[in-house]
Amino acid sequence: MSDKISTYPGTSLSEKEIRDGKVLSIQDQMPGKFSWDTGIAIGKYLAGLKDGVIFGSYCATCRRTVVPPRTICEWCFQPMDRYIPLEDTGIVNTFSLCYVTWDVRRIKEPETPAVIEIDGASSLHGIMHKLGEVEPQEIKIGMRVKAVWKSAEMRQGAITDILYFKPHEGSH
Amino acid sequence: MSMRKVAVVGAGMTKFVRRALETGKELSWQASSMALQSCEMTMDDVEAVCLGTAPDAFDGVHMNGEYLSDGAGAWRKPYMRSYVGGGTGVFVPIQGWYHVASGLFDVVLVVAEEKMSSYYPHAQGAFLTIFDHTTERALKPNLLWIFALEMNRYMQTYGISKEDIAQVAVKNKRNAADHPSALLGDPNITVEDVLNSEVLAWPVNRLDVSPVSDGAVAIVLAAEHVAKRITDKPVWIEGVGWNLDTAYWTNRDLAYPRYVEYAARMAYDMAGIKEPRKQINIVEPYDPFDYKELHHMEGLLLADRGEAPQMVADGVTQRDGDMPVCPSGGLLGVGNPIAAAGLMKIAELFWQLRGEAGNRQVPGQPTRGLAQAWGDLMQVGTVVIMGR
Amino acid sequence: MSDRVAIIGIGWSGFRPVTPEYSYKELMYEAARRAYSDAGVDPRRDIESFVTVAEDFHEGTSIFDEYTPDQLGAVLKPMHTITGDGLHGLATAYMLIKTGQFSLVAVEGHSKASNLLTPDGVTAYAQDPVLNRPLRMNTHFVGGMEMNRYLYESGSTQEQCAQVVVKNRSNALENPSAPFGADLSVEDILSGPPLSWPLGVRETAEHADGAIVMVLASEEKAKVLSETPVWILGAGWSNDSPGLENRDWSSANYTKNAAKMAYRQAGIYHPYQTIDFAEVSDIYAYKELQSLEELGFFQFGEAGLVTEEGLTHKDGDFPVNVSGGCLGMGNLLDANGLARALEIVLQLRGTAGPRQLEGINVGLAHSWRGVPTASGAVMIMSN
Ligand SMILES: [Zn+2]
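Protein chains in written order, with my numbering: chain A, 1 to 172; chain B, 1001 to 1388; chain C, 2001 to 2383.
These are computed hints drawn from the structure, not numbers from a lab. Do not rely on the hints blindly, as some may be mistaken.
[As the list claims (entries may be wrong)] Quick partial rundown of chain A residues pointing at chain C, CB under 10 Å, derived from the structure:
{"#": "1", "residue": "30"}
{"#": "2", "residue": "39"}
{"#": "3", "residue": "144"}
For clarity, every value in this text was computed on a predicted model and none was experimentally measured. In this text, a Cβ means the ideal position worked out from N, Cα and C, and glycines have one as well.
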């Protein structure tokens, strides 16, 4: 009972106590290697990226085009088998300016992750990617952007075949 | 069909610290032992054990549930571990609830543990592997991204400012100053402190975020006939709800957590609650980031959409306000050892509803509270309603 | 509290060493589609809750539960994941229905073991990180040590263990879903390379890919929806010590305790007389013998003898692993228990094809989570 307990267990340590060897520790790294089968829908998506095209898939029941493509519509549970080439342009749904890397190293120039609603997909349907060729302070929600691709010979069928999305004038 | 009644009869927790000397097993044992002592029970009385802990990557142990089992008291007992990402801490009491409500068990020990400090160089690195391995991981995302993306969308949709949101961090860290297990309690923190802390991922600053921590919490659940025998102050689990949205998080509206609403509606239905804003006295929504508390108050239907910041500004959510929110100090103040942090909210309601919360006690003899957690790819809501 | 609970829908896909044509989502979807069709339900409309069993490091994804709802029809529904065997998942659905709050619950388990390129490296990470892992031994050593102690105490022999492999892989020839069917002799098995002596490579189940989905229903719903409901008479699960330093090496307490719990619910006092056939864990061949004893079918030290006598053969008095077991169908990681339960359901429905057993009413499924764990589960079912 909270108000009847005077001391709570748990002992706080500092990094220093481990570094100085006052508290012993073991360091090790897991040899975990995976090769994930991409399957039908994501296989199609990656093949499209290699060709410089973003594919979505279409559900005839829900009349909805989604991206990334999938073989199952999660709303109606019917199979999806129509793949639709989408535009490589879209709208910034939301973004961030991130000053730390994935493994928490501090950086001066921020990374610029964004959710980009892809033209040709249904409303609010987008992908996560990064923004580029833009001053971070200039980025706005609702901004129109276009994919900047790696050159055809450098593309390998991966989400990184798109380098980033840059500001783009004009309508779709 | 009438539901078998289930009560919380005991609770215990460790301090939440940045890096604990104790192993995950030891933290689990400390919390479990304390919870059992609090209701004068022993492991012999426990018929089954439920464990909640989030990704194995933190501990660096495969099948981490099996590894932790003896620490959690599961030796030669029926034992299962459940997880729904960050929602786990409020899910594991739901798991305990269905163990008892099913009629299979009368006394169940529920333990939530997280030892995030084992991951080097920083626990945040483990979060890279929560993203889709083929379509997202190659971009090297970190967890701050999705919070920042969601926060930005929420601010933009309703015209909410960073000042509005920072008030939540101030309230919770001040509340946590009264919590003996808290890592980041601060009675003097101000909105300026939050706004001036370093930018991690705009719009998220350092003090908008709860700290990674080590810690464990345990509670004891009992069927009605046992609960009434061992305590004259059982706290009943009146309703539970959980809900999982699509993994395609870039294909939905980030401004509103509909999965939290669905989970809340399930719990309200079970508890027979028609007017949650009048019938819930204390709320412990999930607050790993300050805007999440606001987001969740709206999803829980306790605030209109976009209106939660006003409640904070008006003082409604202060400990002595009309609807105290995170009187414990929440994750922002007490700390965020993921699964343990969620179960800490259940322990807080247990103590508050029994009038045993000491300096944190909410005035007015509250009779009903709600705890909620959230997690995965901004995707899952877990809700427990407790009453005396 | 509700009355009885039944399995009313089953579906599966894969059961092959590799499934490169499908992503794990597509594999799960195929199994789910079949299970829902078999049960005659629409998941979006009818199923109230969903349970998956999965371990992060088997998937290569942290908090893997994120990726479970879409391909199961579970989006915006109550769904959660258990880090347990498929039988733990079934037991979870069983409890959910027994609360009276749910009448239709789906359970899914799968293996994409072929996508895990370093299975031994990952399994080593299930060892105690401080006490055991630094010794850098392949985790199969735990199986070797347990087998050695079990043979020593029970008087069972390596030949008897090999006989289990001969039986199960021969059974698998009659199961179109089993990839490891073969006509082998005891000599073939014993002449194989050792893995962790006395355990041999050929007494160890090879990994396979596959997904299994089952739909469970309350008694009321089952009677409306199904002409062949398979009733759950009892479910049990238990853990022994996770530590290698202080566990009982010859017996499997977790199996004994899980069985006790399930028998108590089912009101079974004489398992051998009441239960007609069983599917038990044979990730390692000796495990089948040890489990049959712990489940109370035979006295300690007897299972090997009766196996040699053919009692557990598909034509014997007490058929065991008619499906082919893990040795015949493959080690499906977290889905092993679901594969065992699947055979029980097929047999009790009378739809097991060429391997159909006659005159059966009660079957038992058992599973063990593999080395280095001491965790097992049991489910008893009847038609
Ligand atoms: Zn659809």
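Hint-by-hint comparison with the structure:
{"no.": "1", "hint": "30", "verdict": "holds (5 Å)"}
{"no.": "2", "hint": "39", "verdict": "holds (3 Å)"}
{"no.": "3", "hint": "144", "verdict": "violated (29 Å)"}
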